[in-house]
Amino acid sequence: MQGFWQRFLGNPRVTLSLLWLGFIVAVAAAAPLLAPTSPFAIVSKPFSPPFGEFLLGTDSLGRSLLAGLIHGARTSLLIAIIATLAAVAFGTLIGSVAGFYGGIIDDVLMRLSEFFQTIPSFIFAIVLVAILAPSAYSLVIAIATVSWPPIARVVRGEVISIKSREFVQAAIVVGQRDMAILVGQVLPNALSPLIVTGSLLVANAILIESALSFLGLGAPDLMSWGFQIGAGRAFLRDAWWLVTVPGVAILLTVLAINLVGEGLNDALNPRLRDL
Amino acid sequence: MSDAVLTIENLSVALPSWADRPLAVDSVSLEVLRKEILCVVGESGSGKSVMAKSILRLLPAPHVRVAGGRIMYEGKDLLTLPPDDIRAVRGGRIAMIFQEPMVSLNPLMTIGRQTDEIIAVHTRMRTPERRKRIIEVFRDVRLPEPERILRSYPHELSGGQRQRVMIAMALALEPSLIIADEPTTALDVTTQAQILRLLKELQDRHGTAILFITHDFGVVAEIADRVAVMHRGKLVEQERVGDVLLRPRHQYTRALIAAVPSLTPRRVAHGSPSQSAGPLLLSVSGVAKTYPARGGQFSLSRRRVSAVAGVSLEIAKGRSLALVGESGSGKSTLARCIVGLERADHGAILLEGSDIAGLSRAELRPYRKALQMIFQDPFASLNPRWCVADIIAQGPIVNGTPRKTALGEAAELLRLVGLDPKAAARYPHEFSGGQRQRICIARALAVKPKLIIADEPVSALDVSVQKQVLDLLDELRTSFDLSMLFITHDLRVAAHVCEEVAVMKDGLIVERGATTDIFAMPRHEYTKALLAAVPGREWQQNVS
Numbered sequence: 003m004q005g006f007w008q009r010f011l012g013n014p015r016v017t018l019s020l021l022w023l024g025f026i027v028a029v030a031a032a033a034p035l036l037a038p039t040s041p042f043a044i045v046s047k048p049f050s051p052p053f054g055e056f057l058l059g060t061d062s063l064g065r066s067l068l069a070g071l072i073h074g075a076r077t078s079l080l081i082a083i084i085a086t087l088a089a090v091a092f093g094t095l096i097g098s099v100a101g102f103y104g105g106i107i108d109d110v111l112m113r114l115s116e117f118f119q120t121i122p123s124f125i126f127a128i129v130l131v132a133i134l135a136p137s138a139y140s141l142v143i144a145i146a147t148v149s150w151p152p153i154a155r156v157v158r159g160e161v162i163s164i165k166s167r168e169f170v171q172a173a174i175v176v177g178q179r180d181m182a183i184l185v186g187q188v189l190p191n192a193l194s195p196l197i198v199t200g201s202l203l204v205a206n207a208i209l210i211e212s213a214l215s216f217l218g219l220g221a222p223d224l225m226s227w228g229f230q231i232g233a234g235r236a237f238l239r240d241a242w243w244l245v246t247v248p249g250v251a252i253l254l255t256v257l258a259i260n261l262v263g264e265g266l267n268d269a270l271n272p273r274l275r276d277l
Numbered sequence: 072m073s074d075a076v077l078t079i080e081n082l083s084v085a086l087p088s089w090a091d092r093p094l095a096v097d098s099v100s101l102e103v104l105r106k107e108i109l110c111v112v113g114e115s116g117s118g119k120s121v122m123a124k125s126i127l128r129l130l131p132a133p134h135v136r137v138a139g140g141r142i143m144y145e146g147k148d149l150l151t152l153p154p155d156d157i158r159a160v161r162g163g164r165i166a167m168i169f170q171e172p173m174v175s176l177n178p179l180m181t182i183g184r185q186t187d188e189i190i191a192v193h194t195r196m197r198t199p200e201r202r203k204r205i206i207e208v209f210r211d212v213r214l215p216e217p218e219r220i221l222r223s224y225p226h227e228l229s230g231g232q233r234q235r236v237m238i239a240m241a242l243a244l245e246p247s248l249i250i251a252d253e254p255t256t257a258l259d260v261t262t263q264a265q266i267l268r269l270l271k272e273l274q275d276r277h278g279t280a281i282l283f284i285t286h287d288f289g290v291v292a293e294i295a296d297r298v299a300v301m302h303r304g305k306l307v308e309q310e311r312v313g314d315v316l317l318r319p320r321h322q323y324t325r326a327l328i329a330a331v332p333s334l335t336p337r338r339v340a341h342g343s344p345s346q347s348a349g350p351l352l353l354s355v356s357g358v359a360k361t362y363p364a365r366g367g368q369f370s371l372s373r374r375r376v377s378a379v380a381g382v383s384l385e386i387a388k389g390r391s392l393a394l395v396g397e398s399g400s401g402k403s404t405l406a407r408c409i410v411g412l413e414r415a416d417h418g419a420i421l422l423e424g425s426d427i428a429g430l431s432r433a434e435l436r437p438y439r440k441a442l443q444m445i446f447q448d449p450f451a452s453l454n455p456r457w458c459v460a461d462i463i464a465q466g467p468i469v470n471g472t473p474r475k476t477a478l479g480e481a482a483e484l485l486r487l488v489g490l491d492p493k494a495a496a497r498y499p500h501e502f503s504g505g506q507r508q509r510i511c512i513a514r515a516l517a518v519k520p521k522l523i524i525a526d527e528p529v530s531a532l533d534v535s536v537q538k539q540v541l542d543l544l545d546e547l548r549t550s551f552d553l554s555m556l557f558i559t560h561d562l563r564v565a566a567h568v569c570e571e572v573a574v575m576k577d578g579l580i581v582e583r584g585a586t587t588d589i590f591a592m593p594r595h596e597y598t599k600a601l602l603a604a605v606p607g608r609e610w611q612q613n614v615s
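One line per chain: the protein sequences are A and B, in this order. Each residue of the first sequence is one higher than the one before, counting from 3 in my numbering. Each residue of the second sequence is one higher than the one before, counting from 72 in my numbering.
Just chain B, same shape as in the assembly:
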């Protein structure tokens, strides 16, 4: 017991009356030991973030408040500490790292000043000492050229650098506990791998305890010493990491682990001869797209940034291709060019032999039926003022199907995507993220397309829901005889649904081929890096 840095006893947090359940956190007890990384795992809505926020009393009062329990830290109950004392604990003794570093940093202050502020508030160090300390921690988190970073503003850094700055800020006062709330969820896979390695290494060196909140068991496998699994506000399991990963006891834990998409690549379907598939459905050649660079507000430079720099790819009928790359690699721009939301500067886009590149919106209309898109954010992609039936029937109605027939088909489609046809009369806000994505899929299918472009369709969803949606897409692909261009940053997802993979980096395709080949023998350096960065890789290989 003496080894515990933080002890949470019977913590309950009450939600406001209009929430879906009375308690966000329901009598949770756990302890974070010295020098360990405790991962708290759960889906969104499981109460893990609320639990973490209540430690530093950051709950949005008065609606969400602690209903009972104690949080013991250094012999004191944090929940009853006077405001001045809790301020000294925040940042000083317990530091917190948030999910989105861009939002957590003040855009109008240089990185140096923001870091300096934290040290100045909590210590009596003088300016030169503080500066020395800042440079020291920046070195510690492996930020290149600390002197330059000091003078930069948050927008001048990359996502990974910003998160390093956040970690540096957290470390600056040598806290005994760091609470990290999904610190790598907003980052690319390779950056995520670096940050995870950094956290682990820092924790080894400084012996800081880390309470790490995540929804991804891959991440857990990478860094955790112990794991606590939360489900609907309750703690269902708390064990050493090896036990949970290899012998999960609670069925919820088992379900969560089973939902992690495996790295085992998908075979070419039905043993059909590998490359000589059907006729080409989509053929993209030499597509390029540049945007005017955003200089300073008054800059006169006409520099242009190249998003897609001459990409060619083909998709045969009935095939699915995964376009994998990190944010900024141009994969979404390419998709938007193909589907006609952007106009490519150069190149040809042949859909069943006819070039659709450069057509205006009106000219594209006849081709729309063959080509549909599923968007990333299921919360933004459904019009909140339309009922589900109208949303799904919209496409057929626009294309001339009588309204009544279209609404009938919509009900049928709802059944196909695994929703109750009665849902047709309801509005999008009544559905969860996964259900909304099912509605989006139904909308895309409504016009009976030949090709579906799915732009990160599961990256906004919980891991457990991801798998269901991916399986649905897979199933519909065969029953509707669809081809798919599947855009994702997650190689595990790509492996799950596509027989072919194209890896994109800086606007170019660096490697493409059958998923099995690429996973077995990646040739390009970047592909190798991507594969190596997949969280929980070793654990999965051990399991399988």
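In isolation and in its complexed conformation, chain A is listed as follows:
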């Protein structure tokens, strides 16, 4: 395990990304302290430029951009992480059952996941949010619903290859129950690809959440980065910072998560790089 941390943290891209993500998470956690007033509160005249009374200026209604950004970090991260956890949990369940039992169960579950994969995922997410009415819950449900099939496929593949290994057969011979074998023997060995796919899914979830909020389908009572871009879009030529600052925040966060995911992959499968 020591080798893992060395490889993981020794990668400069990972260190930088982790610093950025740590910063974002700290900001999100401390949001009520850093910006005690509601991000929707009108605090000044509209379109005041950055580095004036407010560090990043104000938007078309006179709301502080910085306060919005701080609370937006909270919304984006929370929704993305919860949605990813839900997707990973569901995808792992479906994938491991399909892979472990095989046969008809596998066929049915995989056709089901293909059904979800054939629908363009963003349009599907829009439809789901529209049906469920925009709220934080429906965002989580929509994002999770469109993200679980890749997880299920990854887990299924791993489970199929691991279950034919002899230590699983030995567990069967010793008389362990199927569920105990699946949870105790098979899944722990499928963890590394799962962690990598899951971490990349968080980035994807942030993108979907931002895009939905941009379209006005986000949670109406929560400030988010996508919502800020959507609201500032009409004033791009007059007040470019309204769009640029949250856009850069999304870009850097998604990039950082991707780099961490890639770093995890390299650190968990060292042989891929060595040979």
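In case anyone wonders, no lab produced these hints; they're calculated from the structure. Even for Gly, the Cβ is constructed at its ideal location relative to N, Cα and C. Each hint should be verified, as a subset may be incorrect.
[Claimed, not checked] Here are some chain B residues the structure puts well away from chain A; computed CB gaps all over 12 Å:
(1) G231
(2) G418
(3) E483
[Claimed, not checked] With the C-beta cut set under 10 Å, the calculated list includes, among others, these residues of chain B facing chain A:
(4) A433
(5) L435
(6) S452
Since chain A is already given, all that's left is putting chain B on it; use the hints.
Positioned in the frame of chain A, the structure of chain B alone reads:
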């Protein structure tokens, strides 16, 4: 000196910093003479393969690299040759044959094209000439119907045929030296015997020098002219074959030779009356198992391949039976049926009188305690994420023993299988192959079974470790009052541990009886062939 084809002088190969020793090969000097077969013998990890690979500069750079020395071939140092020249030597002047022919051949190219490529790269021959040459070498290595082989893909050939193709490829350009890295280790005994005979014969005919790498002294006795023994990167002995085999000087060589399981069959234990042993523990009758044949990807055929075609056998309490056969004979499938990893299509499997054939996994659970299995690959059969104590205690815990008691018993079992009880807290990757197999044995014993099915438990281990594990199994058998079904392809191993032998071929048992009888007077043709194919048979008979 002028007679040497290849001279290796003070060769050292460095390993990366994280390896267990700094040098894989430590100032080795040896020479391969014209028209001789030099066998390099050693355990895995002795550096013999690394040494062979460094000759053709095939080391996985940059981690493993040559640290010093010279490799002289035709007056030039291969280690300093420019890349273009070394390419001309590879395949052209020095050819190499690898252990696993399936991996060494490109699965998407026909055999003909792959062989043709080698000749085309190294010579200026035109297509019809090349074709003639290919057919010639295929005849040379005794491949049946060379025209058909040319058009086949690697998966359509048997293991032995694939290795013949590899040898044909090596011979195609009439090299002056062939390096063969364990070329018969992955093959069945009878195929191995044929390939060894072929190599010897080709070498006589063409006068090619062969550097033959092996871990098996039986093979050495079959083909070597001279022997070089390697131990932890150092050359410990280099002599004519007769001297090494009959009067080994270095103690390591002596240990290696002593570890070769002897062909002397085991007597029925303790002079107990031969057939009227205790009550039957396991009785298998008429078990059959077929698999759907894998046709082409789109084929609609429902052809089925029969793996086990109606096998009956019995094991009495306290007895051990060796099931001997080559790969594909159905012996592993039979074992998997008995232990419930597969369901037999027909037949009855009676364990202490109750039929366990066709039971589901859940229904089988009450019988698990009586029946345990030891698997072939000690590297795949231990969960890498569990510590040793948990692995061993798993069975008892599943069967209701309190965790604490089970862990205590696990420590005791570790001692019994010859490992330090402190090993309990460590993880499988910290152990060598032999030690892992000991852990597997401890796991199988943990539920106090009556019958252990051992599926090739030593075939993945070095010869020197094999013997220790076999002796351990033998010892535990008496102390735990176990019966054993021992599956192996190696008659020497069967002779070492079992009083009874059943020979299996094409899903059927062709001959069975007491080991002493079968070895003294094999009746079935196939048994005779198997016995005749045991490498080093004559040498062992001379010694004993």
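Exercise. Which of the stated hints cannot be reconciled with the structure, identified by number in ascending sequence?
Worked result: none
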